[in-house]
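Asker: Next come the chains, spelled out residue by residue.
Protein chains: 2
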Amino acid sequence: MRNRTILKLGGSVITEKSAGSAGAIRYDTLKAIARNLALYPDMPLLIVHGAGSFGHPQAKEYHIQEGVTRENRKGIFETHQAVRELNTAVIDALRSSGIEAVPIHPLHGCEASDGILIDPVFGHLDRMISLGLVPVIHGDVVMDRVRGACIVSGDQLIRVLAEGLGMDRVGLATDVPGLLECDGSVVRELRRSTAHQVTIGNSGHIDVTGGMEGKIAELLALADHGIRSEMFHVSQVDAFLAGKEHGGTRILPEEL
Amino acid sequence: MRNRTILKLGGSVITEKSAGSAGAIRYDTLKAIARNLALYPDMPLLIVHGAGSFGHPQAKEYHIQEGVTRENRKGIFETHQAVRELNTAVIDALRSSGIEAVPIHPLHGCEASDGILIDPVFGHLDRMISLGLVPVIHGDVVMDRVRGACIVSGDQLIRVLAEGLGMDRVGLATDVPGLLECDGSVVRELRRSTAHQVTIGNSGHIDVTGGMEGKIAELLALADHGIRSEMFHVSQVDAFLAGKEHGGTRILPEEL
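These protein sequence lines are chains A and B, in that order. Under full-length UniProt numbering, the residues of the first sequence are numbered 1 to 256, in order. Under full-length UniProt numbering, the residues of the second sequence are numbered 1 to 256, in order.
These aren't lab readings, by the way, just hints derived from the structure by calculation. Wrong hints could be hidden among the right ones.
A pair holds if it fits inside one copy or across any two, identical chains being indistinguishable in the list.
To be verified - No more than 20 Å apart at the CA atoms, straight line, and that leaves these computed lysine to aspartate or glutamate pairs for DMTMM-like: (1) K60 / D175; (2) K60 / D114; (3) K74 / E100; (4) K31 / E85; (5) K74 / D126; (6) K60 / E85; (7) K31 / D92; (8) K31 / E16; (9) K74 / E163; (10) K244 / E71; (11) K244 / D175; (12) K74 / D42; (13) K74 / D92; (14) K244 / D42.
Please take these sequences and the hints and turn them into a complete structure.
Answerer: What follows is the structure in C-alpha cells.
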C-alpha cells in the first residue's frame, strides 16, 4: 500500500510567532512531534515547515516582497540564514528520535517567476523518500525571474510537492483546531464550491506570505488537482498519522 | 565586459587533508582568500570548494561510492553534514570580508545518474551572480538514479557550472603550483592532444573522487567545450583575479 505522506508543521506551531519573542523555537513541541513520527518508521514521509518568527522579520526589514535589487540583496542571505537556523532545529529534533531527516533548502535548487515556483525538480526528493529518508523543506527566500527574489511559503511548497511527488496524504498541523469560522467553530469540510460560504476568522499572526487565506487558496488548488488535505491542531498529529478522527478541517475535491 | 569567473578552492587548500587531522579548517587561508576577493567587488563570481578532510572520511566509512541502500542511507546525512560545516566556514570567512556569499548545497537541488549530474538547473545561480551575490557550492553527496546516492566532486561541479552558466574564466587554487610532472616541474599548457605526454605526479592525498586525474579529466572535458581553465597555487589567487601570470597550468582547447 502506498501511503506517501506530507506533514506540514505551521510556523506558529514550532516557533513563538507573537510579537516580542522573535526567534524562539518551541523545542518541546518539536520533540513531541518527533516522538509521534518515530512510531511510524515505515511511512514514506516528507515534512514541510513554515518560517514562523524566523525569516519573516528579515523579509520585512529588507522589503523582500517588494522585489530584490542590488540595494536590498543582503536580505536574501539574512532571511535565508534565519529559516535555515529553524530548519536545523527541526532536523535535530527529528534525528534525535531516530528519524532519518535530511534538510532541503528551496533557495539552493528552486527558482520562481513572480512569486510562483517554476519547473521545480523532484527526482532527488522522490529518491530520498523511496530510500526511507525524510526530506524536511521549509518556506524560504528564492530567486525570482521577475522580482529578483521572493518568499515561497510552506503552503505553496505543499501544493507543488504534493502534486509533483504524487503524495497520497497531506496534513497540516496548526495552532488552531482547523479552519475556523468567525464564531470559532471548525469548518469540517471545505470544497471550492462551498468556500464562499465560509467567513474565515483571523489567525492573529503577522505573515508576509498571507496567513490563513493564502493557505486555503493553496489547499483548494491542491483539491482542484484531486488531492485532499487535512488541517488539524498540532496535538492531533498522531490521530492524522494513524488515520483517525482529528476534529479538524478536510479540504476536498468537488464531488463528481 | 563580461568577466564571469569561477574560482575553485581545492579541499586540500582550505582544510588539513593529511591523515590524523580530519576536520581541521585552514581559517588563515580562507581569510587571506576572502581579503583578495574583496578587492574585486564588481567581478561576477561563483565559488566552488572541495570537501577536503570534511566528507571524505564519512563517505568512506559508509561506502557511499559503492552505492546507497536502506542499509547505509545514514551516510547521506553524515557526509552532507560534514561538507555543510566546511561550507559554513567558507561562507563566514567571505562574508566577514564584505562578500555577499550565499551557500548552495548540491544535495538540496541536484540529482545524478551513475555518478554524473543530470539536468542540473542554473536559473537561480545565474540570477544570484547577476545580482552581485556569490554562490558558494561544494563537493557533496547527491541522490543518484542508479546508485541510490553518489559523491559529486567540486571538479565535476566546475565543469557543469562553467558550461551551464557560460562562465568566462575558470581558476583552480590548489596546494601545488599547478599540474606537476613526475620530476616536479609545472606543466604550463595542457591540451587533449598533448595530455598523453604528461606523467602526472601523485598529489599524495586520499580523495574518494579521484584526485588530480579526475580533476584533469573534468578540465579537459571543459576545454573540449571551448572553455579554458587555469590551475595555480593558492598564493596566486590575486594574480589569477588580476589576469596576471601565476606560474601555473593552463588547460586549453585544441588550437584550430
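Asker: Could you run down the list of hints and mark each one as holding or not?
Answerer: Okay, the hints, checked on the actual structure:
no.	hint	result
1	K60 / D175	neither (23 Å within a copy, 44 Å between copies)
2	K60 / D114	within (18 Å within a copy, 43 Å between copies)
3	K74 / E100	between (33 Å within a copy, 7 Å between copies)
4	K31 / E85	within (16 Å within a copy, 24 Å between copies)
5	K74 / D126	between (33 Å within a copy, 17 Å between copies)
6	K60 / E85	within (18 Å within a copy, 28 Å between copies)
7	K31 / D92	within (9 Å within a copy, 30 Å between copies)
8	K31 / E16	within (15 Å within a copy, 37 Å between copies)
9	K74 / E163	neither (33 Å within a copy, 27 Å between copies)
10	K244 / E71	neither (51 Å within a copy, 32 Å between copies)
11	K244 / D175	within (19 Å within a copy, 60 Å between copies)
12	K74 / D42	between (41 Å within a copy, 15 Å between copies)
13	K74 / D92	between (27 Å within a copy, 14 Å between copies)
14	K244 / D42	within (18 Å within a copy, 58 Å between copies)
Checked against the numbered hints listed earlier, the structure breaks hints 1, 9, 10; every other hint is satisfied.
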